[in-house]
Amino acid sequence: MTITTIGTAVRLRAVSRIYGTGESAVTALDAVDVDIAPATFTAVMGPSGSGKSTLLHCAAGLDRPTGGEVSIDGVSLTGLSERALTKLRRARVGFVFQAFNLIPALSAEQNVALPLRLAGRRPAAGEVREMLAEVGLADRARHRPSELSGGQQQRVAIARALVTRPAVLFADEPTGALDTTASREVLRLLRTAVDRHAQTVVMVTHDPYAAAHADRVLLLADGRVADVLDHPAGAPEIAVRMARLEER
Amino acid sequence: MRLAWDMVRHRFAAFAGTFVAIALGVGVVAGSTTLWASSQPETPQRLSATPVLVHSPSVGDNDDGYPEYRSWTIAEAAALTGRLAALPGVTAAIPDPAFYVQRVVGGRPTGDPETALTEGHAWSSAALGGYRLSAGAAPARPGEVALAGPAPGSRIDVLTARGPATWTVTGTTDGPGFYVADATAAALSAGVRLIGLTVSGDAEAVAAAARSAVGTDGTVLSGAARDRLEPESVTRIRWLGAQLLIAMVALGSFVAIFVVASTCALSAAQRRREIGLLRAVGATPGQVIRMMYAETLVVAVLGGAVGVPLGALAAPLLAPPLVAAGLEPAGFAVTGQPAALAGSFALGIVVALAGVWTAARRSSRVPALDALRDAAVEHRAMTRPRWILGVLGIAAGAALLIALPTMSTDAQSSAMMGAAMLLLVGAALLAPVLIAPLVRLTTWPWRRGATGMLVREGTLTGARRVASTAAPVLLTVGFAVLLTGTVSTISQSAGADEAADVPAALVAAPDGVPGLSDAAVAGQPGDSYLSSHALVTVGGTTTRYGVAGTDGLTGVVLSRELADLPRRLDLRFPDGTTTTLPVTAVRDDAPEAILLPRDLVRRHDPGALTPAVLLDGPAGPATGLRVLTARAYVQIDIDEEGEIVQIFLAVLLALGVGYTGLAVANTLLMATAARREEFRALRLAGGGTSHVLRVTSGEALLAVATGTLLGGTVALFCLLAARRSIEEEIGQAIELVIPWGQNVAVALVCALVAVVAAGVPVLRARAGSR
Ligand SMILES: Nc1ncnc2c1ncn2[C@@H]1O[C@H](COP(=O)(O)OP(=O)(O)OP(=O)(O)O)[C@@H](O)[C@H]1O
Ligand SMILES: [Mg+2]
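First to last, the protein sequences are chains A and B.
The opening position of the first sequence corresponds to residue 1 in UniProt numbering, with each subsequent residue numbered one higher.
The opening position of the second sequence corresponds to residue 1 in UniProt numbering, with each subsequent residue numbered one higher.
Not one of these hints is a red herring.
Facing chain B, according to a computed beta carbon distance under 7 Å, are these residues of chain A, among others:
1) L62
2) D63
3) R83
4) T86
5) R89
6) R90
7) F95
8) L114
9) P115
10) L118
Just the calculated beta-carbon pair ranges, DEER-fashion:
11) A:G74 - B:R683: 52 to 60 Å
12) A:V26 - B:L434: 32 to 40 Å
13) A:R244 - B:L434: 53 to 61 Å
14) A:R224 - B:I388: 42 to 50 Å
15) A:V26 - B:S414: 51 to 59 Å
16) A:D179 - B:V301: 44 to 52 Å
17) B:T358 - A:E127: 34 to 42 Å
18) A:E127 - B:V301: 28 to 36 Å
19) A:R224 - B:R384: 34 to 42 Å
20) B:A399 - A:G74: 58 to 66 Å
These are computed hints drawn from the structure, not numbers from a lab.
All of these numbers come straight from a predicted model, not from anything done at the bench.
Glycine is no exception: its CB is placed at the ideal position from the N, C-alpha and C atoms.
Given the sequences, and given the hints that come with them, work out the whole structure.
If you want it as structure tokens, here you go:
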């Protein structure tokens, strides 16, 4: 495998994350090396407790690894102050969680504008509306999260994550709480972002069908990358690989 | 800012506590400061028509900080009046002697005894107030008077320092006061202290001319400076009122900060997840702090916008009760005070920002990952700063209490208050630690029932939540026990002390009059003295001392405290005359600082009255006199003082309990609302609404009990320490009196508020779910 430092959206080198100390210490990530190429869609899979979320949090600068180095868009996160890390996250990282992505007090439109406003930028006219239109919610701009369905909320969250045109978009089980139709809609949006806007996307999922939308699937087990699947043929192939992994 | 506004609008329930606390706090402060600012010294009405006034010279300030004046002698006043009348622009120079006179109707003296002391005037001085005759003629001979009301020709009964008299009304005036012939007034009054100048042309020019004409013989006042002539009795009433208002402002702001701080802390804890999300999408710690400040600013502005009109509207309504309570002078009227209102509004904002300070700092440290965690779990009951501050507070408070006996008496009371505050705040901070054992102890009997178990486990895991409810109760009960205990103990021991000083069993005391007249005293068997005063000059400094005019004396007798004064005393009497007298003796049991022969005092102070007669036989009847036991006589003063102290207590306690109620209600409303999920689970497990209610009430009562116990204990320690230091000082045992009734009432009010506040969200949730 050739490693190109230039043109790597996210780079993890020997990244470890150990929770707790002494006897009760849990090694969630064990010296993981990962490179995410720009404008690709990567899915992260693995059994429950294998360290997927931890990997995502460390890669996104939400959590600090206990060892190794993370770089986003060529910038190393090691040694950055909380403030600098926040600013980097604001500028180069988008984030979608499984649930509770939106501030209940704010309308869809305001939620989408939030990262821009936090960056001290006044959203250009139509910028936010366009983003909402892209996720198919132009007519829901003034609705509060409590007035939106779960799928619509996730779409607003994606619009919010994409509005800053980040270097990477991280999503942790974005379809975990959605039914099939809503899931499909969300996955289509992510795929479109990669294809049309050259967006880099990293998504954690349990669902082989969701992972089948990706260009590449990383399979995690016990805090290590156990298998990599490039250009998966479809959900069945991924399911087989997963099953093989769980058997070991 | 926009974000803050949306946050506030959306979750107004979470900000309601802050809003109400600020609105009420600003209201209290705005009302109090408006009243205070309205209560400014004024030129007495009866001098208001006189543009330039000349007062007798001051001889320096007394212990209370008020200037002490001497009188001009009749001759001095006459000479000065002549000089002033000759000045260009002066139309008349009018001396203003004042004396004691009180009208008697149906054998009863009427009117306020204190103001009666200066109700009598010379007819010529009616012009000083611009008063004129509306009927009849001016009084010209002794026994003639002009006053408002009675028609010319009628006869009225009056009381003067000499005794009862019947005067003929010669004229009806259009202003208050008794006006007699100038010569009569001069004979009844003790010296002249004021000369009014009526002018033609520019008053300031006349004032300047008068200043050079008078020199050091007096002080010339014109324009607003005339306000300084307000009688000391009125100024004193204003001072008393100001004390209450200042206490209200201090307490109002302190408690408002407290409520805002606890509300913000609780809501910040409940919003942990939301703040984590903000951090995840790119809010820096600084932005989180700024957002919370902005939110609080919005709430504070709204609170202020409600509080300021509230205070401004309430102030005029409070004026009559304040006047009735003797805390503002008669005729006190509230005027608009924009500066006070603006200041209160600003104070509300400062208070709110101070209250949100810690909560904002704490929230800024919330990691972004908290967006992924559920907020309901309390991580730790105690944080390190909480430990440190709590222990420091207790230690500092205890150290102060231990050091109490070594301090001066003046410092002691403020040291005790300081110690109490430190201990109470310390106890409030450490409450989460103390709650667990207290809960185990109190729920022991009910540990087997489901409710008992739920309350027990709920409070043990939510120690911090229980502590937020207990804290305001702790403060209020603590202060209530402390204040009521101090006041009752002091008044109890003071009463015993003073009663011991009154030797005879029966006393002929004034009844509706400021003191007994010569005629009233003449008929009584027993000891008495004329109460007066004199200015004593020793080595250039002049001091005012109380003088008792008694029988069977020659020369000056000094009380023990004045034994150091020279053997020949330079005295100035109330009538302005000076003399030098030999000191003939020093006495231990003197009723006043200086004793002089009675007729000497009478000659130089025609207005002197007798405070009381210690009877050694049956009293004769006289106007304005009643017979009392020594104890009852002393009790009059104590009651008068006690009444004001009781008003102070009642107002401050009401304010304190009101705010506690607010704090408790707010904490519980927020906490119970946030526990909806928990209670839904309880219902699913087969518990009815009554079950949930029992759990919330149990927890609320537990919190109140904890607060009461801790607050009461701290206050008791403070009182015991204070008693020990006072006992050591006076070498006499003091009985500690604590009015349990009042304090139990305070605790019960807290408990009631707590149970209702905890129950309402539960009932609302049930109503909503049907
Ligand atoms: N805050 C934490 N403290 C201690 N241990 C943790 C913490 N977070 C995660 N872990 C542990 O680290 C390991 C990896 O957790 P992680 O959340 O990354 O798993 P995951 O692959 O996302 O699982 P799932 O599919 O269930 O979401 C697990 O064993 C978990 O128990
Ligand atoms: Mg996970």
